[in-house]
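*Asks:* Sequence:
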Amino acid sequence: MTILFTGRKADLTPGLKTLAERKLAKLERLLHESPDAHVILTREKHRHMVEIVVRARIGTLTARADGAEFQESLGQAIERLLAQARKHHEKIARGRKRRAMKESPRRSGAAALGAEWTDATGDADGPVIVPMGRVPVKPMSVEEALLLMQDSPDPFLVFRDADSQQVSVIFRRRDGRFGLIEPET
0 MTILFTGRKA DLTPGLKTLA ERKLAKLERL LHESPDAHVI LTREKHRHMV EIVVRARIGT
60 LTARADGAEF QESLGQAIER LLAQARKHHE KIARGRKRRA MKESPRRSGA AALGAEWTDA
120 TGDADGPVIV PMGRVPVKPM SVEEALLLMQ DSPDPFLVFR DADSQQVSVI FRRRDGRFGL
180 IEPET
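For the record, in the sequence shown the residue sitting at position 22 is 21 according to numbering that gives the first Met the number 0, with numbers rising by one throughout.
Keep in mind that the hints were calculated from the coordinates and are not lab data. Just so you know, not all the hints are guaranteed correct.
[To be verified] Here are the simulated DSS-like pairs of lysine-lysine, each with C-alpha atoms no more than 27 Å apart in a straight line: (1) Lys25 with Lys86; (2) Lys101 with Lys22; (3) Lys44 with Lys8; (4) Lys86 with Lys101.
[To be verified] Taking CB as the label site, the calculated pair distances span: (5) Val136 with Gly175: 17 to 27 Å; (6) Arg56 with Glu20: 13 to 23 Å; (7) Val166 with Arg85: 50 to 60 Å; (8) His45 with Gly94: 41 to 51 Å; (9) Ile128 with His31: 38 to 48 Å; (10) Arg63 with Arg93: 19 to 29 Å; (11) Thr1 with Pro126: 48 to 58 Å; (12) Arg93 with Phe4: 28 to 38 Å; (13) Ile2 with Met131: 51 to 61 Å.
Glycine residues also receive a C-beta, built at the ideal position from the N, C-alpha and C atoms.
Please take these sequences and the hints and turn them into a complete structure.
*Replies:* See the structure below:
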């Protein structure tokens with residue numbers, strides 16, 4: 000890690016430099032690279048201010064702190080930088096985890112259904128059928144199914160029509176009314 004020190008109305012002691020180098024080494028491990036850092040130490044009357052600018056692949060991290068002593072200000076500024084770097088590191092890890100979950104065959108349902116559910120070319124990139132559960136098909140009339148649908152929060156109801164003995168689906172439309180799907184005979 001390359002560290003550039005600038006003192007504005009402040010004298011740079013070797014102890015302060017080694018403290019900054021030691022604490023910034025944590026940042027280097029967290030970023031997994033060797034970034035460039037610029038540490039600016041400023042003294043105004045009784046305030047000791049530290050500004051640290053780190054340029055890395057992820058972007059520029061900046062932290063400022065002031066206190067009664069440079070050591071205190073330096074510690075606060077580095078803690079703020081570490082918090083920024085941890086936040087970015089966790090964001091990247093969450094993205095990786097999310098992508099891995101999307102690409103996992105366990106999540107796509109292909110592993111649960113077996114290889115016969117993939118398309119003819121063997122690619123699983125196309126549409127994938129995801130099993131949602133089993134629905135019991137009860138014999139009832141369309142009127143009974145409509146009454147059940149009105150009381151149910153479900154978006155659809157699969158039933159066997161008592162008159163024709165065929166499987167039908169009644170569903171809730173966006174306009175609030177109900178639709179009926181019957182197979183052709």
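*Asks:* Would you mind marking each hint as holding or not holding in the structure?
*Replies:* Evaluated hints:
no. : hint                           : result
1   : Lys25 with Lys86               : holds (15 Å)
2   : Lys101 with Lys22              : violated (38 Å)
3   : Lys44 with Lys8                : holds (10 Å)
4   : Lys86 with Lys101              : holds (23 Å)
5   : Val136 with Gly175: 17 to 27 Å : holds (26 Å)
6   : Arg56 with Glu20: 13 to 23 Å   : holds (21 Å)
7   : Val166 with Arg85: 50 to 60 Å  : holds (55 Å)
8   : His45 with Gly94: 41 to 51 Å   : holds (45 Å)
9   : Ile128 with His31: 38 to 48 Å  : holds (40 Å)
10  : Arg63 with Arg93: 19 to 29 Å   : holds (28 Å)
11  : Thr1 with Pro126: 48 to 58 Å   : holds (51 Å)
12  : Arg93 with Phe4: 28 to 38 Å    : holds (35 Å)
13  : Ile2 with Met131: 51 to 61 Å   : holds (57 Å)
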